[in-house]
Amino acid sequence: MDFKQLVFYFFATVLVFAASMVITVRNPVKAALFLVLAFFSAAGLWLLLQAEFLAIALVLVYVGAVMVLFLFVVMMLDINIARMREGFGEYLPIGGAVAILLVLEMAIVLNAERFGLKQMPDPGQLAADYSNTRELGRLLYTVYVYPFEIAAVILLVAIIAAIALTLRRRKDSKYQDPSRQINIDPRQRVRVVKMRSEKKI
Amino acid sequence: MLAGPEIFVFSMACAILVIDLFLPARWRALCYWLAQLTLIGAALLTFKTMTGASVLTFNHMFVADNLSVLLKLAGYVLTVFVFVYSRDYLQERGIFRSEYFVLGLLGLVGTMVMASASHFLTLYLGLELMSLSLYAMIAFQRDSVVATEAAMKYFVLGAIASGMLLYGMSMLYGATGSLEIAAVARALTKISPNDVILIFGLVFVIAGTAFKLGAVPFHMWVPDVYHGAPTAVTLYVGSVPKLASFALIARLLVGGLEPLAGSWQTMLMILAVLSIAIGNIIAIAQDNIKRMLAYSSISHMGFFLLGILSASPNGYSASLFYILVYAVMSLGAFGMIILLSRSGFEAERLEDFKGLNQRSPWHAFLMLLLMLSMAGVPPTAGFYAKLLVIQSIMKVNLIPLAVAAVLLAVIGAYYYLRVIKLMYFDDATERSPIQARWDMRLLLSFNALLLVGILPWVGTLMEVCRRAIQNLA
Chain F
3 MDFKQLVFYF FATVLVFAAS MVITVRNPVK AALFLVLAFF SAAGLWLLLQ
53 AEFLAIALVL VYVGAVMVLF LFVVMMLDIN IARMREGFGE YLPIGGAVAI
103 LLVLEMAIVL NAERFGLKQM PDPGQLAADY SNTRELGRLL YTVYVYPFEI
153 AAVILLVAII AAIALTLRRR KDSKYQDPSR QINIDPRQRV RVVKMRSEKK
203 I
Chain G
1044 MLAGPEIFVF SMACAILVID LFLPARWRAL CYWLAQLTLI GAALLTFKTM
1094 TGASVLTFNH MFVADNLSVL LKLAGYVLTV FVFVYSRDYL QERGIFRSEY
1144 FVLGLLGLVG TMVMASASHF LTLYLGLELM SLSLYAMIAF QRDSVVATEA
1194 AMKYFVLGAI ASGMLLYGMS MLYGATGSLE IAAVARALTK ISPNDVILIF
1244 GLVFVIAGTA FKLGAVPFHM WVPDVYHGAP TAVTLYVGSV PKLASFALIA
1294 RLLVGGLEPL AGSWQTMLMI LAVLSIAIGN IIAIAQDNIK RMLAYSSISH
1344 MGFFLLGILS ASPNGYSASL FYILVYAVMS LGAFGMIILL SRSGFEAERL
1394 EDFKGLNQRS PWHAFLMLLL MLSMAGVPPT AGFYAKLLVI QSIMKVNLIP
1444 LAVAAVLLAV IGAYYYLRVI KLMYFDDATE RSPIQARWDM RLLLSFNALL
1494 LVGILPWVGT LMEVCRRAIQ NLA
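Chains as they are written, first to last, in our numbering: chain F, 3 to 203; chain G, 1044 to 1516.
Some hints could be false.
Listed below are the simulated DSBU-like cross-link pairs for lysine-lysine, each with C-alpha atoms no more than 35 Å apart in a straight line [what the hints assert, rightly or not]: (1) G:Lys1397 with G:Lys1196; (2) F:Lys32 with F:Lys6; (3) F:Lys120 with G:Lys1233; (4) F:Lys32 with G:Lys1196; (5) F:Lys120 with F:Lys6; (6) G:Lys1464 with G:Lys1397.
A short, non-exhaustive set of chain F residues, derived as facing chain G with CB atoms under 10 Å [stated by the list, open to error]: (7) Ile152; (8) Ile156; (9) Ala163; (10) Arg170.
Reference listing, derived: stretches of chain G covered by chain F, where coverage requires no fewer than 3 residues with Cβ under 8 Å from a Cβ of chain F [claimed, not checked]: (11) 1094-1106; (12) 1147-1156; (13) 1168-1174; (14) 1179-1191; (15) 1236-1246.
Treat the hints as calculated values from the structure; they're not laboratory data. Glycine is no exception: its CB is placed at the ideal position from the N, C-alpha and C atoms.
Same shape as in the complex, but just chain F (with noise of 0.2 Å):
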């Protein structure tokens, strides 16, 4: 076993450890960090597969930015661990042999026969100055524009159904114009009421 092997199979470990603490612990803040090492795992094992891109991209996408969103989500909404959990064993022997039945149909199928290294042979070394990034784009603006294209009109669609839906004007907030508010002429704030003074007694 070499180290490259080493690195691996130590990755894998991590990433399989924390994708079952993920779904097994009971604490969804916990559960939330043990997706981070997972995602880093995740990206460790590309950088193995030399798909630096990929694996800058999980972590600066996924960890940075999509996971500290979730974490947020997480400590804002008071979730009822007590009421998700109820009916838990009441699914759980049909829920289990559904399972099993899927992970063993998944083995007789995906097996070494098939997938194996002689079905699908090493990529092979790439030059130094290969680049993902470049290669990524060049595939991503020419071959696979239009599915790109339609990507991006399904995450308009996102936007719009979410502002659609969350959006509502509330009659009684107190919106300030700023512009309105600067351009006021004082005489307008300021009534100037003369009255007489008291008698002097």
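Got chain F; can you put chain G on it based on the hints?
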């Protein structure tokens, strides 16, 4: 400009979104008219792309052929009807916002992308685009608890279905080494059709497709979504996405995986028989007409699958004919529910149709046509649709299947006829006159009469369907 219609509809949807921002509330109807204009413009652009041949572009990811043109044109017509029917409904409930039309147009773009997909990637992305627009439209009426629940269920189940479809596609990619549909079909000729990985992928693809189609046993979302969504959205969900489902099946199973027909034929057979049986039998127990029509849609999807599973060009064109006729019938039936509803009142119970003949004989007659066509009584288009799919499975010697389908269709006739009985032989409990805008009355009448009026041209329509699928496989 083969992708001109898609680009045009998308650009117009964005334009409407921006224009709406600067419109005063009383000019809101402008969005509606712009959406309608978009559809007409897109139809003109689509006519320009009609060449009769199959032309590829965007690195073989986009195809313009007879099928894509036909499905797109049908999509525009259906959407025009949906917008006309839903205008008053939305206004009366205070949800007449431009987002409804924008999401409707973007969902249509998704359908169009699927109609012209020649690559698994574009097929999948089109499906997601359409589904995402649908989820948002269903949840559109924010204050309604049932609508939110329906959207949530649809969203979760839809996400699982997408995952299954994607997993199946990745298996097929692993086995064939390509995502391009034509290349997959070529690669399949060299692999044994009983290859375990192919079958494994196929099962997932079929399960995902059946979810989207709403075929038993993946039908659980259909009644809740049809019932929970505002009727204007149900109208949309019940018509335009059906075209997308046809595109999905035609491109994926027929265009790409036809060499595996021996395997998917059996799977579809189970789905079809279960759908027709369970859809028709459970529909009898419903007293809500939207739920009843939802179960009826499940049974119609079963009939639709019959044509596909015959795995013959005859069957495919029969299925295309069926889906077009079904979309028109569904449009008319939900349009009728909208017509009878008014602000604060949804005519969604069967009782609300009692004595419709006394209130408005003309509308009762239109509903009669719609119900007869759904039941498949001659001489309506619904009869021809059922006849064609059953003929196609008889030609491939699946006689027991044909007999079962006919018997179950007879059971189904009961609940359609019950609506007719309520309209003509029961006394009206509700006597208020029916109010609707003239354009809606006109189009609804046209919609229902079309099911009988098409008869002289049924042959032409069948020929169009036959041509549409000819350069598919």
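Right, here's what the structure says about each hint:
{"no.": "1", "hint": "G:Lys1397 with G:Lys1196", "result": "32 Å, holds"}
{"no.": "2", "hint": "F:Lys32 with F:Lys6", "result": "30 Å, holds"}
{"no.": "3", "hint": "F:Lys120 with G:Lys1233", "result": "19 Å, holds"}
{"no.": "4", "hint": "F:Lys32 with G:Lys1196", "result": "28 Å, holds"}
{"no.": "5", "hint": "F:Lys120 with F:Lys6", "result": "20 Å, holds"}
{"no.": "6", "hint": "G:Lys1464 with G:Lys1397", "result": "8 Å, holds"}
{"no.": "7", "hint": "Ile152", "result": "4 Å, holds"}
{"no.": "8", "hint": "Ile156", "result": "5 Å, holds"}
{"no.": "9", "hint": "Ala163", "result": "3 Å, holds"}
{"no.": "10", "hint": "Arg170", "result": "8 Å, holds"}
{"no.": "11", "hint": "1094-1106", "result": "holds (count 4)"}
{"no.": "12", "hint": "1147-1156", "result": "holds (count 3)"}
{"no.": "13", "hint": "1168-1174", "result": "holds (count 4)"}
{"no.": "14", "hint": "1179-1191", "result": "holds (count 4)"}
{"no.": "15", "hint": "1236-1246", "result": "holds (count 3)"}
Taken one by one, the earlier hints all hold for this structure without exception.
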